[in-house]
Amino acid sequence: MNDARDHLEALIASREVRIAVIGLGYVGLPLAHALYAGGARVLGVDNDPAKIESLNAGRNYLKHLGDAMAAELAASDRFDVTTDFERLAEVDVVLVCVPTPLRAGRVPDLSYVERTGVEIGRRLHAGQLVVLESTTYPGTTRREFAGAIEAGASDRRISLRLGQEYWIAFSPEREDPGRKSHTTASIPKLVGGLDTEATRLAAGVYRLGIKEVIEVESAEVAEAAKILENVYRAVNIAMVNEMKTILTDMGINIFDVIRAAATKPFGFEAFWPGPGLGGHCIPIDPYYLSWRAKQIGHEARFIELAGEINHAMPGYVVERTIAALSKRGRL
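Here the sequence shown is numbered in my numbering, starting from 1 and rising by one per residue.
The set of hints was computed from the structure by calculation and includes no laboratory data.
Nothing here was measured: the structure is a model prediction, and the numbers come from that model.
Quick reminder that beta carbons are idealized off the backbone N, C-alpha and C, glycines included.
Possibly wrong hints are sitting among the right ones.
[Said to hold, decoys possible] The calculated BS3-like cross-link candidates involving lysine-lysine, where the alpha carbons are at most 27 Å apart (straight line), are:
# : residue 1 : residue 2
1 : Lys63     : Lys180
2 : Lys211    : Lys63
3 : Lys180    : Lys211
[Unchecked claim] Label-pair ranges, simulated between beta-carbon atoms:
#  : residue 1 : residue 2 : range
4  : Asp176    : Tyr112    : 19 to 29 Å
5  : Arg59     : Arg115    : 36 to 46 Å
6  : Ala75     : Arg328    : 22 to 32 Å
7  : Val107    : His182    : 23 to 33 Å
8  : Arg328    : Pro177    : 30 to 40 Å
9  : Gln295    : Arg59     : 38 to 48 Å
10 : Leu102    : Arg143    : 28 to 38 Å
11 : Gly39     : Trp272    : 34 to 44 Å
12 : Ser76     : Phe268    : 45 to 55 Å
13 : Asp84     : Arg59     : 16 to 26 Å
14 : Arg106    : Pro177    : 20 to 30 Å
15 : Leu102    : Arg59     : 30 to 40 Å
16 : Asp48     : His7      : 31 to 41 Å
17 : Ala293    : Glu16     : 37 to 47 Å
With these hints in hand, go ahead and build the complete structure from the sequences.
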């Protein structure tokens, strides 16, 4: 019998669970809203006072989500926002949606993840579940994130047993900002814990606001699945960008070619050329895996080559634009 686990399970089942979402950006805010809409009590935590002020006033700083969402949250007694990390002591579940950028030399920067882990650890209490959502290389949740939580707990002389009195899991964000056909609530959610109890508890939390939740074998599987999704996109975008440069010099329209190839009902998925890579994730996340691969003696050649091609595309587009304008006497 485990009283802490049983109590958390009961809170989740009754929708009385109190959930903190740290990081109210394009991932955290819609996630907070989805869980709120599912009946949970949600505390949004962000270190940007301007975001807190905006949400309290019912204004949404994420324009693609609209003011109606912010107004709904501001009017509710089941949603609150704060910059005060001490309030993490009030909640049963903590979901972490903080940035994972790159340092110089394309080295992963886990400082936001680690600092957040320390802050959580300093307010850790029995019966708490912590879930990391930030995209990272496999093993981060078990090593760096769990280690940071433990370090924070040690700072305050908090002694709790991982897997018995508190639990840690990973559930990768899958946001597609601006696309109305895919919402946080409708996109299938992967969940993998540091143990089976963590997986099951985290899945129960997400099922409050998300239609389909898939439990996977471990946090590492969930981390690797997210990296695979983004590497897949980066590599295929690079391939079609390279095809664009080749076919253009052959006098062939790449868009006509892709539309023709897309008529095949199997074995082909259309990707479209562009001026490189955009968005928050795809230009960055593959390098998390290539960096980690080097640490264990592997070279991620597809990732590095795709990066070279995609990073060269802005220059290619500028050259083509200058050539076209010169041909028309505009330069």
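### Query
Hint numbers the structure violates, sorted upward?
Checked against the structure, the hints that fail are numbers 5, 6 and 10, while the rest are satisfied.
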